[in-house]
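Following the hints, put chain D in place on chain Y, whose structure we already have.
2 protein chains.
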Amino acid sequence: MREFRAKPVVEALTQEYKEQADKLKSRGVVPALAIVRVGKREDDLAYERGIIKRFESAGCEAKVHELPEDVTFETVRDLLIQLDKDEKVHGILMFRPLPKHLDEDALRNLVSAGKDADCMSDINAAHVFAQDGVGYPPCTPEAVIEMLRFYEVPLKGKRVTVVGRSMVVGKPLAMLLLKENATVTICHTRTVDLEAECQRADIICAAAGAPRMIGPDHVSEGQIIMDVGINMVDGKLCGDVDYDAVSPLVDAITPVPGGVGGVTTAMLLKHVIASAKGM
Amino acid sequence: MREFRAKPVVEALTQEYKEQADKLKSRGVVPALAIVRVGKREDDLAYERGIIKRFESAGCEAKVHELPEDVTFETVRDLLIQLDKDEKVHGILMFRPLPKHLDEDALRNLVSAGKDADCMSDINAAHVFAQDGVGYPPCTPEAVIEMLRFYEVPLKGKRVTVVGRSMVVGKPLAMLLLKENATVTICHTRTVDLEAECQRADIICAAAGAPRMIGPDHVSEGQIIMDVGINMVDGKLCGDVDYDAVSPLVDAITPVPGGVGGVTTAMLLKHVIASAKGM
Chain Y
2 MREFRAKPVV EALTQEYKEQ ADKLKSRGVV PALAIVRVGK REDDLAYERG
52 IIKRFESAGC EAKVHELPED VTFETVRDLL IQLDKDEKVH GILMFRPLPK
102 HLDEDALRNL VSAGKDADCM SDINAAHVFA QDGVGYPPCT PEAVIEMLRF
152 YEVPLKGKRV TVVGRSMVVG KPLAMLLLKE NATVTICHTR TVDLEAECQR
202 ADIICAAAGA PRMIGPDHVS EGQIIMDVGI NMVDGKLCGD VDYDAVSPLV
252 DAITPVPGGV GGVTTAMLLK HVIASAKGM
Chain D
2 MREFRAKPVV EALTQEYKEQ ADKLKSRGVV PALAIVRVGK REDDLAYERG
52 IIKRFESAGC EAKVHELPED VTFETVRDLL IQLDKDEKVH GILMFRPLPK
102 HLDEDALRNL VSAGKDADCM SDINAAHVFA QDGVGYPPCT PEAVIEMLRF
152 YEVPLKGKRV TVVGRSMVVG KPLAMLLLKE NATVTICHTR TVDLEAECQR
202 ADIICAAAGA PRMIGPDHVS EGQIIMDVGI NMVDGKLCGD VDYDAVSPLV
252 DAITPVPGGV GGVTTAMLLK HVIASAKGM
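Chains Y and D, in that order, give the protein sequences. Terminal number for the first sequence in the working numbering: 280, no gaps in between. Terminal number for the second sequence in the working numbering: 280, no gaps in between.
Hints listed in this document are in silico derivations from the structure and should not be mistaken for laboratory results.
When chains are identical, the list treats them as one kind, so a pair holds in a single copy or across two.
Here are the simulated DSBU-like pairs of lysine-lysine, each with C-alpha atoms no more than 30 Å apart in a straight line:
hint: 1; residue 1: Lys101; residue 2: Lys237
hint: 2; residue 1: Lys180; residue 2: Lys157
hint: 3; residue 1: Lys101; residue 2: Lys180
hint: 4; residue 1: Lys19; residue 2: Lys180
Computed from a predicted model, the values in this text were never measured in an experiment.
One chain only, chain Y, in its complex shape (with noise of 0.2 Å):
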């Protein structure tokens, strides 16, 4: 069994990624990431950290601008739209959810696809939907698509079965895997005799949520394994697939944590290159 682990992945992009900003940075353009965080949740500072650390490991910026939980629609809105007029910015990222009194709708539509670095506006889950070339997928799905290439799996032909229908991960992660042409099955709660649909793919990926819903009746030999669920069970990370009753069983496993969340960070580092290259 191999395990497909994040940090070679990481470590391999962010050099690549440091060469693309290092020429960016000789024309006087540092790629920078705007961060929006409403708030002080814990799990949106411990993204904030890694984010962070991933921007500075390339050399690129990312700068936090923290408003109150209290802050007003307005407030938000016109902060967005100075970024996304700031030719300094490249990309902006805002945590969400947002607090129940702001219109999280109508404020993530606010930045413009180029800077729309993690795919929070409908207008690029159309270019995502589309495949069309235009703006940025979410970075989880992407992630996982960046994983496999890394390690060299084929996906042209291949029949993936995707478990989850999220607009965060199960829709786009199926668009970009039918770009690549992979044959793609998308599962869910209805789906009648998931351990069939399982076991027929040549790759799985687990975006359900649900701790541990994929088991060793749901795997067959030769299989690659993408977890992409994320959950706390008593205080540890664990994610959608069942790790020690599975990794046995498959020819490849992503670990939680470790795996494909490792590889998300980097996903925005692209997207800000890209569109400092762009600008």
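Frame of chain Y; chain D shown alone:
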């Protein structure tokens, strides 16, 4: 073998929509579609006649705005903006592709989501992708869903294989099927064993645009076959399914012509009436 024909579906829907339109008219609102046609392409004209007939049968308006083949971008743009603002217009349909000198991407996105009766804008594509209940899906994939509903074919938990991944049919159809809680497999030209992917389905939706590509080796007993293809071969219309060879083997099949294609104008009517109700 049952034949799922458009006629009874359209008759039932038209009756329903006519009642809704009558209520609107009693309040002084005449549901109205604006058709924008550039040039005189024969297939546009044929579709236009079908639309006008369908709208007349429900007592609704379908007004054609014909523009010459060499019309300028500005003229089309101004017409679309004017129609979008016009309170007496509840839906807009622009025949595409447009002549090459016109920027189709810019023009198709000028229509607001609520008037975009056949999902030509990116924003409505995003709503179809998210299935968030806003905007209207493209008429052809929705016709598939309406036919299955009329013929009382349950979708929840069913395996559906969609052959084709276009933005006109395959991908939006996959999203509509997911909404109905089907387990959806999307196949395409790079799918390795299309026969197997089709045979294992409860329902096959053929939307590849390849004449009679689905043959007896693709089907199995008890299946429902929805043929979305409309191809011209030797001067005769045929679908993506080899009807003569496949129909004796399955539970139900849509003919071409007289099947899915016949229901699309009713979907257009549905959207225009829904839009008129909301205004």
